[in-house]
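Participant: Below are the chains, spelled out letter by letter.
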Amino acid sequence: MITMTNTKQLFSDTLNRLPVSIEVDHLKKQFRNCVVLDDINLRVEPGEIFVLMGPSGSGKSVFLDLLAGLSKPSSGRLSINQEDLQYVKKTKKYVMGLVFQSGALFNSMTIFDNLALYLREHRLFDEREIQSRVTQMLDMLTLKGIAQIMPSELSGGMRKRVALARGLLMEPDVLLFDEPTSELDPITAASIIELIGYVNKQLHITTLIVSHDVLLAQTIGHHIALLKNGFIREIYTPQALQQSSEPFVCNFLNPTINLNHPRFLPPTS
Amino acid sequence: MKLLQLWAFIFQLFFETCRELRYLPRQAGRCFEQCCIMGYQTLPIVGILSLFMGGILALQTGYSLSKLPGAQSFLGSIVGLSMCRELGPLMTAFLLTGRVGSAITAELGSMSVYKEVDALRTMNLSPVRLLVMPRVVGGLFMMPFLTIFSTVLGWLGGWIVTQSVDFISINGSIYWRSLKQYVDVESINDGLLKAEIFALVITLISSAIGLQTKGGPREIGNSVTRTLVQSMIAILMLDYFVTKVLL
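Protein chains in written order, with my numbering: chain A, 48 to 316; chain B, 206 to 452.
This is chain B alone, in the form it adopts within the complex (with noise of 0.2 Å):
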């Protein structure tokens, strides 16, 4: 029963902000401050993740391909479809939900606690036009550029693994030019749209979560959590949708 109100509510948010959205302009700054914490906060992280995300799928695929000769030439391949159709966005999504969903719940939830949210009420403000919405577009802004850099930086994760690796016998060059041939523009479109889906149902959750808390300090904890429970599941169950459309 509270799963379907949280999500009649998360629906109810992502149409409130659409109609939000027309006050974008005069949002601007608020947008572009989310930008910079979401960046802030998340590129880093998603910089060594992504790093050694494909380190260990060049080292784990370039160990099983070994026995097969010659199969090592697709190494590049198998290392670029992956991280920019799938790693890429996935990996993303759940540091993204790791450290910006759980920090909008929690300041959104202790907003809701200490009634800030109330006091925005009575000034006649919308919550979702001050809160909300600068969020959501922060993060569908974000999310492909977070995205793009996690994708580049696993390739060149795989990339010092072939270099690096003793059992892994081909060259930088074979690496990329199999790379090159097999990622085409496509992949990394469907990579992209996926991401969108992500930041949004991210943005929304945790949003929605966040001003949902009522009680205390211990209810904005409780609040986080299931910020991180309800979000892993959606991307996960999204992404095997997403995926099967795609393909």
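This is chain A alone, in the form it adopts within the complex (with noise of 0.2 Å):
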């Protein structure tokens, strides 16, 4: 599906730079007096795919805001490189790009135009060069012949395509997705975890996903953890996640259905 033909030129910056760590301490984050997530503690290792998996409501994308610098923790550190993640926004020392779960691709642009904000802003290039670099990334992409248009006009899978392109061509030292493969039919969901799990394997760009998605979390995760009620229980890699016996993830990886009892009404007496 992608080709990297022209992988060196195009991300000869990250290629160039050694992966990053993530660390969590002690986070906390609660509006008024709902705590979201409660004494979080993890470490993603340089380069690998951490997938934050959980049932819906349970914080993860608090957690990517706290992440991504768009909020702040109401305690804790959350540290890239051991470096604080307020100093690091502050000297823009490391680059974070973040993939939403909608694309956020800015709809009064063309897709060109979405592509090229960054560079062009940052002036890290000329015009010549942000235009072979968008070029090339689109043709990497199987996205030829979209540049001109509105974001309007695309799929749900080719807008998350579009917001991953977006993100890889910032060169970012991490890469954060919010739910990549929500709202896709299965098809497209397992080519969007395919092109994930080839540009990690490619660039070694360190990776953390949020996500409920089982599939994607067991096929592409380095390290899986599970969020309850802003809490996280244990850290897995895929083998140790499948064969848990812990019924919370049981049920979050198998969950029965049950016609004569549904689990949100009250049980009769």
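A hint or two may mislead.
Claimed, not checked - Mimicking SDA-like on lysine to any residue, the simulated pairs with C-alpha atoms at most 20 Å apart in a straight line are:
hint, chain 1, residue 1, chain 2, residue 2
1, A, K275, A, N88
2, A, K140, B, M328
3, A, K119, B, F214
4, A, K136, A, S155
5, B, K419, A, F78
6, A, K139, B, S331
7, B, K207, A, R79
8, A, K191, A, E176
9, B, K419, B, L433
10, B, K419, B, S315
11, B, K449, B, D389
12, B, K320, A, G116
13, B, K320, A, S229
14, A, K75, A, S122
15, A, K136, B, E221
16, A, K137, B, Q217
17, A, K136, B, E225
18, A, K119, B, K419
19, B, K320, B, P422
20, A, K136, A, G116
21, A, K119, B, R326
22, A, K275, A, Q265
23, A, K140, B, S331
24, B, K320, A, L164
25, B, K385, B, L397
26, A, K136, B, R326
27, B, K320, A, A212
28, A, K119, B, K385
29, A, K139, B, M328
30, A, K139, A, L125
To be clear, the hints were calculated from the coordinates, so they are not data collected in a lab.
Please dock the two separately framed chains into a single complex, following the hints provided.
Facilitator: Here's what the structure looks like:
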């Protein structure tokens, strides 16, 4: 599906850098009296794919917002390569690419302008080089011919690929994904999983994915954490997760369907 | 409490916009685009309304002055001063709020709701530099032109009425002579100063409310309504104080 013919040229900066690690220590986030994340501790090893799973409303997206620097933790510490995230954001030392659930493409701009925005605004290259990089990136992700169309004309899968392209063009140290396979059919979802796995294999960018897609976690995740009620109990490898006998994990991976007693209805006497 | 938070954010946005002005040359394209949008959206409606506003003013005043012999010769000065000192800037500000302010809030609100603003932040790009500053600069640049256009069309509307209504017994030359006699550069400058203050307030309020929008499409609608209400209240209150200082 993707061709990495020009990877070395396009990602020269990324390939020349060492992958970074992410450390989370005693992280807590609360909104007024509601504790959303409580005492989160984890470490994402350099170059690995870490998947944070959990039921809807468990605080996964809040965690991603904290890591992306979009909100501040109530307490605890987030760091990259042992350097505090606030310092990292201020000095712009590390680049973080966040691929949003909806893609978050700029609807008033063409796909080309969406992809070129970061490079143009930070004045990283001249206009000819930007043109060349964006075109190469679109070719690489088999998105040829869409440069001049608007994001509203794209399908869900294409939007996610364009969002990934935008993230990759930043040559990030950390790639963050928010539900990359949500709202997609199984085949398109599989192609996105392949793409993330392939990019990680080629570029060794430290990747953190927030998702409740079990297939994604087990196929490309190096480590998987399960978030329940704002708390991480354990961090698993894909094999350990599969073999876990913990009721919450078993129920999350293979939920039982009981049509006679739906779980959100009060038990009948 | 919410209102205080909003105004605190508006002041914060004002200072951030001032800080981002050093990037103005690099954002010139975006500023020019905003000028075009504002001019294109507002110019026709400003023209129509101002023409009728001047006409109505001449009609009402002309009728009242017709009872006082010779008083109608002041009609030109009344329409002239009212339009350039008060009605021109005020009407243009109201129309800018309705046409441009609401569009700014809707656009920035939708960008906030659909995470486009967050996407800018994760790219280390300042939403104020890319979204707010060009709109403020566009508003400040276009408002004087719109106000002058409104004022001149208001005068023209008054003149048309003097030529076409029976109970106003002055000819065109008296109307224009009276207007020229009382409308001086200072009056026009006072009107333009007001217009610039209004433009700053409208663009900042609409941008602030747009960026604070959270939720879904319904909240975007609510934000647009909030922009209209807040801007109009602010314009009228400021108008009173600025007029008091200038008189």
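Participant: Now, for every hint given, state plainly whether the structure supports it.
Facilitator: Verification of the supplied hints:
no. : hint             : verdict
1   : A:K275 to A:N88  : holds (14 Å)
2   : A:K140 to B:M328 : holds (13 Å)
3   : A:K119 to B:F214 : holds (18 Å)
4   : A:K136 to A:S155 : violated (27 Å)
5   : B:K419 to A:F78  : holds (15 Å)
6   : A:K139 to B:S331 : holds (13 Å)
7   : B:K207 to A:R79  : holds (16 Å)
8   : A:K191 to A:E176 : holds (18 Å)
9   : B:K419 to B:L433 : holds (18 Å)
10  : B:K419 to B:S315 : holds (9 Å)
11  : B:K449 to B:D389 : holds (19 Å)
12  : B:K320 to A:G116 : holds (14 Å)
13  : B:K320 to A:S229 : holds (16 Å)
14  : A:K75 to A:S122  : holds (5 Å)
15  : A:K136 to B:E221 : holds (18 Å)
16  : A:K137 to B:Q217 : holds (19 Å)
17  : A:K136 to B:E225 : holds (19 Å)
18  : A:K119 to B:K419 : holds (18 Å)
19  : B:K320 to B:P422 : holds (13 Å)
20  : A:K136 to A:G116 : holds (7 Å)
21  : A:K119 to B:R326 : holds (14 Å)
22  : A:K275 to A:Q265 : holds (18 Å)
23  : A:K140 to B:S331 : holds (17 Å)
24  : B:K320 to A:L164 : holds (16 Å)
25  : B:K385 to B:L397 : holds (18 Å)
26  : A:K136 to B:R326 : holds (10 Å)
27  : B:K320 to A:A212 : holds (17 Å)
28  : A:K119 to B:K385 : violated (61 Å)
29  : A:K139 to B:M328 : holds (10 Å)
30  : A:K139 to A:L125 : holds (15 Å)
When held up to the earlier numbered hints, the structure conflicts with 4, 28 and fits the remainder.
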